[in-house]
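There are 8 protein chains.
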Amino acid sequence: MHRHDHARTERIGMPEAVLCDAKNVEQVRNIAIELAAAANSPCLFTRLTLEQFEALPADIVHRFDVDPLSRTAFLDGTLPTRPGRVAVVAAGTSDAPVAAEVVRTLQFSGVSGELIVDVGVAGIWRLQERLDDIAAADIVIAVAGMDAALVSVLGGLIGRPIVAVPTSVGYGVAAGGSTALNSSLASCAQGVTVVNIDNGFGAACAAVRMLSLLDAPSQRDDR
Amino acid sequence: MHRHDHARTERIGMPEAVLCDAKNVEQVRNIAIELAAAANSPCLFTRLTLEQFEALPADIVHRFDVDPLSRTAFLDGTLPTRPGRVAVVAAGTSDAPVAAEVVRTLQFSGVSGELIVDVGVAGIWRLQERLDDIAAADIVIAVAGMDAALVSVLGGLIGRPIVAVPTSVGYGVAAGGSTALNSSLASCAQGVTVVNIDNGFGAACAAVRMLSLLDAPSQRDDR
Amino acid sequence: MHRHDHARTERIGMPEAVLCDAKNVEQVRNIAIELAAAANSPCLFTRLTLEQFEALPADIVHRFDVDPLSRTAFLDGTLPTRPGRVAVVAAGTSDAPVAAEVVRTLQFSGVSGELIVDVGVAGIWRLQERLDDIAAADIVIAVAGMDAALVSVLGGLIGRPIVAVPTSVGYGVAAGGSTALNSSLASCAQGVTVVNIDNGFGAACAAVRMLSLLDAPSQRDDR
Amino acid sequence: MHRHDHARTERIGMPEAVLCDAKNVEQVRNIAIELAAAANSPCLFTRLTLEQFEALPADIVHRFDVDPLSRTAFLDGTLPTRPGRVAVVAAGTSDAPVAAEVVRTLQFSGVSGELIVDVGVAGIWRLQERLDDIAAADIVIAVAGMDAALVSVLGGLIGRPIVAVPTSVGYGVAAGGSTALNSSLASCAQGVTVVNIDNGFGAACAAVRMLSLLDAPSQRDDR
Amino acid sequence: MHRHDHARTERIGMPEAVLCDAKNVEQVRNIAIELAAAANSPCLFTRLTLEQFEALPADIVHRFDVDPLSRTAFLDGTLPTRPGRVAVVAAGTSDAPVAAEVVRTLQFSGVSGELIVDVGVAGIWRLQERLDDIAAADIVIAVAGMDAALVSVLGGLIGRPIVAVPTSVGYGVAAGGSTALNSSLASCAQGVTVVNIDNGFGAACAAVRMLSLLDAPSQRDDR
Amino acid sequence: MHRHDHARTERIGMPEAVLCDAKNVEQVRNIAIELAAAANSPCLFTRLTLEQFEALPADIVHRFDVDPLSRTAFLDGTLPTRPGRVAVVAAGTSDAPVAAEVVRTLQFSGVSGELIVDVGVAGIWRLQERLDDIAAADIVIAVAGMDAALVSVLGGLIGRPIVAVPTSVGYGVAAGGSTALNSSLASCAQGVTVVNIDNGFGAACAAVRMLSLLDAPSQRDDR
Amino acid sequence: MHRHDHARTERIGMPEAVLCDAKNVEQVRNIAIELAAAANSPCLFTRLTLEQFEALPADIVHRFDVDPLSRTAFLDGTLPTRPGRVAVVAAGTSDAPVAAEVVRTLQFSGVSGELIVDVGVAGIWRLQERLDDIAAADIVIAVAGMDAALVSVLGGLIGRPIVAVPTSVGYGVAAGGSTALNSSLASCAQGVTVVNIDNGFGAACAAVRMLSLLDAPSQRDDR
Amino acid sequence: MHRHDHARTERIGMPEAVLCDAKNVEQVRNIAIELAAAANSPCLFTRLTLEQFEALPADIVHRFDVDPLSRTAFLDGTLPTRPGRVAVVAAGTSDAPVAAEVVRTLQFSGVSGELIVDVGVAGIWRLQERLDDIAAADIVIAVAGMDAALVSVLGGLIGRPIVAVPTSVGYGVAAGGSTALNSSLASCAQGVTVVNIDNGFGAACAAVRMLSLLDAPSQRDDR
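Chains as they are written, first to last, in my numbering: chain U, 562 to 784; chain V, 562 to 784; chain W, 562 to 784; chain S, 562 to 784; chain X, 562 to 784; chain H, 562 to 784; chain F, 562 to 784; chain D, 562 to 784.
Excised from the complex, chain U in its bound form:
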């Protein structure tokens, strides 16, 4: 039996999630049945394949809200809304699936996320047109593959927290995303942080962690 970590949301406020990537169809189906039966709280499924989704039992499938582009599903809705706004900035159309995973994970977590796409630095005027929108957010999540130059340019223009999500988009030295990853880590802009390649889920969770700073002003006052 799958031993799901029902305590995680309660203990550290992180969304409960099932990464379907390395699980087979039967494993995902069994976990879904078990979670649906327990009905503890909303649950997020990420990297869900079409085949895995179609194998869900008919009696519970209506409880899932599925999004094909991001390959995510919500079981029993989302978590309560919480304060804070996140700008999700993507360099190009090819980064759309990862950016969508960020937005959907934010949505599941009750956080408002705005998607801003096609603002790669090769046409930097397009980025400049959207800069005010981006600067108004509490947190910026930059989704970029290839050279990930977008991350450094944003880092030099914005003082808010910036989380880079390198994507595996590209060919040759860009294939697999290690160039985007290393470029983000070596960014000349200070204080940018990075998550694993294509890890839109993780970037959104990082934003949730950061937004917890808005939750508890009283605790902070008495220090």
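Please keep in mind that the hints were generated in silico from the structure rather than gathered at the bench. Do not take every clue at face value.
Unchecked claim - Covered, in the sense of this in silico footprint (three residues per stretch, anywhere, with C-beta under 8 Å from a C-beta of chain U), are these stretches of chain H: (1) 714 to 720; (2) 729 to 735; (3) 748 to 760.
What the hints assert, rightly or not - Computed spacing ranges between beta-carbons, pair by pair: (4) X:587 / V:582: 53 to 61 Å; (5) S:629 / H:610: 42 to 50 Å; (6) H:610 / V:623: 32 to 40 Å; (7) H:616 / D:582: 23 to 31 Å; (8) X:675 / H:616: 35 to 43 Å.
Don't be surprised by glycine CBs; every beta carbon is placed ideally from N, CA and C.
Fit chains V, W, S, X, H, F and D to the supplied structure of chain U, relying on the hints for placement.
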């Protein structure tokens, strides 16, 4: 002539810093003279070698506050104090120089930072003894080399933002820090973010970005 | 003709095994026919594909005990039972196939193996609930992908032999298993040993080698 | 203050050790003073440089037993002797420092270790001359750089536990030890386990873990 | 139009060959038609897929001698026989396709090649049984994946030229063949040479180059 | 005796140069003596160490024009001036030695080069201030380490040829320059070309090749 | 909605292009519809799959000029012809698709490109036969996989700009193209520049940038 | 005590050699004393440092023939001369130390070796001038760093055995020699074989193995 970016602190609130690592003694000396003459605002020097420090002109050297372990120096003091508290958690004594760079950069930025060392997971009871201290901070910066298991353990116990700083400590597959880096990026704990290997300065800057969320409640209200 | 190493079990006590991974359907079929005809002793097939299994001749297929999850098959039963108990600890559901290969190879070798799953360190309380079970075993085999932090945590809590099996589970820097491998090799817990990525068979064989220490007390006395 | 893990030996039976590699002279000196003052139990220093050793205070230096080849030192003797015998087999003279670290760590742990050198497979008759000695040990630790072919040859001839220690000896593709490491991990001999490159200390600790199987027959009986 | 190098065999005595791997079906078909029309001399096709073979025109297909295991085809027979004998030694069944490419390329080149399989060093007695056969050859080609320990063992026992062909067989660190390649290059046996991973064709061509030393005794006498 | 390629400048118009990096003091001295005696044409020495320079014979040293920052020397002046202007743009002070090698090689080749430094994208307003200067050049050479984001930003703003020179500046994933190299190769800006890490000489030579397009209008007309 | 960069051609003279590689069928279809409706200027599609092409709406498909080998399509013709001639030199038949992408991108950009194939250095006489043709071009683009030796040989014979396009053709160490890439970057021929693996589009764009030197003689005169 | 392999020369005809690289001064001194006392046969020392040489005892040092460039020493002369001639071809002056190791190892082995330097393909006319000399040898050893294009060019022009020795000369992607190694392995010229980076000793030993084909015509006749 060195074209220093006096505008950066003003524009995005980041500390003004000079990375001395890849500069020769004469270059650092010239930048120091120039910055001391301009006297715009406090400035941070990182990865300063002893030789570079000793080459500073006698008439300005008293304006520098130097710390050998972290290899940092403050020119003309620090930035004003700001709200927020950061726990800097290091797995072992060998990680001390990088952890010290984090603490000193926080200090320069006006942020309170507490250092908690020798809490590696190979003796997990030592970490558990300090867990309450760590959990009380607004942000946790985890400094760890080798397997960086500390990052994942903290990530599962703490809901606040966690920034991992992989260190280059170790030999064999650990040498250079790529194992610690990849382990942090692949952490099974969700929402942990990562900076470049040995980049204590960057992790502290990331905390400064995050703490900006505490600065402007009014801006957030009117959205 | 395939020249099988019938002498190996006899000489060094290791199970006789056929790695089907890089062999084509015809090669596996021919080896199976030959071994079935020789009928020397039980034989283990690992990484057997469904297609390879279905190509076995009808007159010998009943002599095979097949397990799809672990992709293993026993020809003519198992080796005699031997003393010793092994705990097979897996971080997550995704590691199940490799963990199953460990358990099946132990079973084939006559060794008692207990599977303990879903005890990743991101929810360390789940591991702590099972710690007594794990500590009671003679040998612990830790199956973990991604950051393999489980290996280090176990290594700090348990004094028995620990064999890490890194798995290729994961995406980005975790893909292929080299992060889990390097993290295990660089573990801050002393005396942990490691086998190749996804090599559940090898970890079980290592346990068999170690359990040979229980076989021959007399030999040891007279030194 | 250094927070040493005095509990480790007691809890999991592993030797207490200080890895001096990434610590500076002052850090090692301070740890030595502190441990000497505590006088809890014998302690092992590994990868100790000459400079670090010479900086030890005069009043405690006589309590250290130092060995230059292995770069190890014992503070206040060794742990009590325990049953079991380990053969430490090294391919060539160049592997001697790592092999010496294995032998010294075994000695510190109270375990009998025999060193067998210059038995590389390029002159396989030399290995065959020593095979009976090797086969009589409880555990074999194979120390080998370059192609590490010794590991596979031993693995095919010996049924006892075999721990491979890849060394960083060599040039070109052998430099740094990753070829020896990967070759050991990919060994065609089943059940060989591996530790990090040049990690003689870890291999000896692994042997200590394995020899714990000889300690407690009664515990095993009552299962 | 394909500009085939009809001059190569004549100029340097190497077999004329078409590597079909990276060519599409139409490209291979066109080259075959062109070469068949020219009818200059026998020609070797390597890494020919079934699909490529089946697309050959009906009127020339009978002029091809095809071998599925090695994925080779001869157009218009082979080159004249020449003196010299080559032993092709393969560690395991999984290396069979590459070993077959060696043997077929030798056959095409008019050289006698003997295949000796399943002599991996994990069961070194099997290698010893065949050693006299191997030692009697003019040249030894060792085909081995994973740790390629066979290469070093042969190199220590045989004084004739040894060419190692690393294979891409295996999983984990062995996958793709770089471990076998590096292990062969770092072999502790002196004077072993190496070709690219899976390059059975190249190893056979190297043997043809070496056997040219037997062709022209008179030229050598007069120096 | 050194066999210098006196024909190269004549045949393909490239500057004659001696790369001193991998040569010992005696080798450089001998080549210098030989070239000075031949006195064919000006010659460029690159990556010249201080020790190599100081070992030049007293009777020829006055014929050398040495520049310590770029580690270059001209023997017997420079090549004739030629049309065309190159902007050499460097992200930071740390890139100065490589940028200086570009400028000096251009100067040796008779080409006008303007150095524009400290225009990294983390402070993009500094780049924008210099954009008109950069856009007025025939060719832009972008010298950048770390994330090399400067390359992509320039590539999106400038239509002239852009040659990226990645530098080995930086630490962690930036160390050695492979991140800057891969980021430049994967640039989202189209038509940027790249030379080897730290190869300022090569970038200048590439500019010389490109400027040859200005030399021969008549040749182009008659096609 | 896709935010296409209509300004790029106008601003920096680069062709407007859609990289279809990492986009799904629906994304490419939507971009095509949008661009066809805007009808601003000709547009180039690269790495277009057959499936993507077949999904284009019937009412606009006739406006596309498709080439299967290069996987390119032109929407609404090409850009106006411009002066300059480019030789596209490919080592072998396997490099044909990438060479075709170069030629098609040149054609789209209004540049004359001549394809010269099967001139690999293993048969250097074939290259010598075509040398005059190659030398007569303004720019040489060398398309080569495996060892990319063609790049260095051309670099030593030709004084015009040379752009190397490494290809991913090959197996073993050649697979993926990194050997060809690194070999081109490390070329012993000075002033060769390089683009990403398989980036025929980028090489052609680099040529367009270089040919802009022929456009504006007057601008150059008045400096 | 060092267990030297006195049997190797006798058994397989390879020269007896001591690789001094990874041995300390004392180890080399002890081996030298031991070998000098045994006085079995001439012995070759490779990668001998000046410090190691100067530590040899005064009473035996006269029996050593030392060469600083190649870092080799002969103890008690060389092996008897044997038939065959080897051309050692080096691309540049920087490859001289490795080329010298080849020539000295040949000389020690009794083989005639001719050194041909400065024939890199960037000035291919220099290679063509020497081609007849090279083609007249029995075996060609090509010593080349960076792109190693020399290997492929020779491979296309010469039908004799060719052994490539990649060198670690160069910077950026060439540093360490892996580019030269991979380029040699991926050579488009068929039948070239390769040894480890900088392994001049190994290449000469490979030639000795190949020249054994000239030793025993009678053995070959009776097959």
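Hint by hint, here is what the structure shows:
Here's how the stretch 714 to 720 of chain H fares: 4 of its residues keep a CB closer than 8 Å to some CB of chain U, so the rule of at least three is met and the hint holds. With 4 residues carrying a beta carbon less than 8 Å from a beta carbon of chain U, the stretch 729 to 735 of chain H meets the three-residue requirement, and the given coverage holds. Remark: the stretch 748 to 760 of chain H is confirmed as covered by chain U, as 4 of its residues place a Cβ nearer than 8 Å to a Cβ of that chain, reaching the required three. At roughly 55 Å, the beta-carbon separation of residue 587 of chain X and residue 582 of chain V lies within the given 53 to 61 Å, and the hint holds.
In this structure the supplied range 42 to 50 Å is violated for residue 629 of chain S paired with residue 610 of chain H, their Cβ-Cβ distance being about 34 Å. Between residue 610 of chain H and residue 623 of chain V the beta carbons are some 37 Å apart, a value that agrees with the proposed interval 32 to 40 Å. Hint check: residue 616 of chain H to residue 582 of chain D, Cβ distance near 27 Å, so the stated range 23 to 31 Å holds. At roughly 58 Å, the beta-carbon separation of residue 675 of chain X and residue 616 of chain H lies outside the given 35 to 43 Å, and the hint is violated.
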